[in-house]
Amino acid sequence: MWRGLALLAACVLSEAIAAPAALAELPTAEEVAQLKEELRHMQDAMRQMQAELQTLKAQQQTPAARTALPEPVAERGSLTERVETLEESVKASEEGQDSLLKRLDEMVELDVYTASVFSNLTDKDAKFDALHVELLADAHPTDRLRGFTQIRFSRLGTIEAGAKQGDIEVHQAWLEYAINDYFNPRLGVVLVPFGKYNQENFDHVQELTLRPVMALRVVPTTWAEPGFGFTGHAPLGEQLGGIGLKDFLLDYQLFLTTGLSADIRDHRGLRDARAEYETDTNNNKATVGRLGIKPMRDLEVGLSGYLGEYDTLGHHINGFDVDSKLTIGPFDLLGEYALFDLQEGGFRLDNSTSPPSITTAIVPESLRGGYLEAHYRFWFDFLNDTFLGRKFQNPTFTAALRYDQVRIDDDSDAGSGPIVHRGWTFGLNYRPIPTWVLKFEYIVNDEKTEAINTRDVDDRDGFVMSMAAAF
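Just so you know, the sequence shown maps onto residues -7 to 463 in the working numbering.
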């Protein structure tokens, strides 16, 4: 540094001595500017060297700092590496989360459906009824593993004790291990495979609001029980295509379930006999199954059977059900008939006493009923640009007509004679999309002897409106 100062001084001094001789040769403006620029660079260099000198002096006075001088470079490198590693870890974590969310979205299908009803029946106050909200989760961790859950929240506003300890009910909760198309074990709470209506009782699927009386008392829909069994299907179109049955398909469900109890009355049918999920009142298991036969795409016939005992002494309850559906263009024709035969002389366990008491179970000898239903789907093109059709791909009206009949033998209680119920339902509904429906219907009922005591319907006539949707 001192050499630089001496050199600068010598240059300046020599220039001063030589000035008189060089007066005749003064520098040009360009040369002056160049000299000023060189001087500025030299001044900057001097200031930098002075700053470095001060730093060196300070380090000489602090040996510990001088000893630690090389370390900050390594620390800076280590810190940089750690930051880079952390950034890579965060990026990998975000990618993993995105992958997991995408996989969960592919694995689990979550649906919600809801239904609300307005009814105005003779001899009964008109009312609104927020029936329920249902959550359905269908999970496929792999192609061969499946889990399904259906949870119903009834009447929305309250949760109070009931026959199954509350108005939050699990209608389905099962796991399935797929072996092949023909044989798939399933375990859990299942919809009892007895008839078609119990399998497809969802409000947004059905064309009419109120269930057939058969599906309330003879087949107590929604009928769900814990059980274990097998499901499967067999496409036989390739083997039978030569005789015009190229779409022939068989499917089946076969289960062991908890089974019905002895709480069977003529005015309530089998509704109170449905099993509790946590107990088996008679320590007997029922065998129940359904075979679905589809000889062609638009025709299905189902055969169901039930074999069980309703008390601890082995008194039997056996059932048979046949259902069918035929579709021809915009027309549907469907129906179902069910029959249960009971062995009389059974016993009923009364848990309301302490200790529990056993009483004679006076049950109806048989319960039988069925319904026949017709649908016609239609639409008017002039409605396409109205509020009914605008921005909907395929809105539809459906006219529906149903006749149902039930007969339940007398159980020798306060009333006498069998219960015979007949009813007609006339309906019209509107679907802007397949999973959203607004229904209007008028019901006419005729009942003999004791009231069947269905939901808002026994011997009453009247108007019913409902809205149901799934999303």
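Honestly, the hints are just simulated from the structure, not real lab data.
One should not assume that every hint holds.
[To be verified] Computed Cβ-Cβ distance ranges for the label pairs, DEER-style: (1) Gln385 <-> Gln335: 53 to 61 Å; (2) Gly306 <-> Phe384: 14 to 22 Å; (3) Val293 <-> Leu393: 41 to 49 Å; (4) Phe222 <-> Thr304: 24 to 32 Å; (5) Ala84 <-> Gly233: 30 to 38 Å; (6) Phe374 <-> Glu268: 49 to 57 Å; (7) Gln231 <-> Asn275: 22 to 30 Å; (8) Asn376 <-> Thr134: 38 to 46 Å.
[Said to hold, decoys possible] In silico SDA-like links for lysine to any residue, alpha-carbon gap of 25 Å or less: (9) Lys317 <-> Thr214; (10) Lys119 <-> Tyr174; (11) Lys440 <-> Tyr174; (12) Lys317 <-> Tyr174; (13) Lys238 <-> Asn193.
None of the values given here were measured: they were computed from a predicted structure.
Quick reminder that beta carbons are idealized off the backbone N, C-alpha and C, glycines included.
So, going through the hints one by one against the coordinates:
A hinted range of 53 to 61 Å holds for the C-beta pair Gln385 and Gln335, which are about 55 Å apart. A hinted range of 14 to 22 Å for the beta carbons of Gly306 and Phe384 is inconsistent with their spacing of about 57 Å. Between Val293 and Leu393 the beta carbons are some 21 Å apart, a value that contradicts the proposed interval 41 to 49 Å. Checked against the hint of 24 to 32 Å, the pair Phe222 and Thr304 passes, with Cβ atoms roughly 28 Å apart.
For Ala84 paired with Gly233, a C-beta distance near 53 Å fails the hint of 30 to 38 Å. Taking the beta carbon of each, Phe374 and Glu268 are about 55 Å apart, inside 49 to 57 Å as hinted. The supplied range of 22 to 30 Å is broken by Gln231 and Asn275, whose beta-carbon atoms lie about 44 Å from each other. A hinted range of 38 to 46 Å for the beta carbons of Asn376 and Thr134 is consistent with their spacing of about 44 Å.
Straight-line distance between C-alpha atoms of Lys317 and Thr214 comes to about 20 Å, which keeps the hinted pair within the 25 Å bound. Taking the CA atoms of Lys119 and Tyr174, the gap is near 48 Å; set against the 25 Å cutoff, the hint is violated. Distance restraint check for Lys440 and Tyr174: the Cα-Cα separation of roughly 46 Å exceeds the 25 Å cut-off, and the hinted pair is therefore not satisfied. Taken as a hint, the Lys317 and Tyr174 pair is honoured in the structure, with Cα atoms around 23 Å apart against an allowance of 25 Å.
Restraint check: the Cα-Cα separation between Lys238 and Asn193 comes to about 29 Å, which exceeds 25 Å; the hinted pair is violated.
Checked against the numbered hints above, the structure breaks hints 2, 3, 5, 7, 10, 11, 13 and satisfies the rest.
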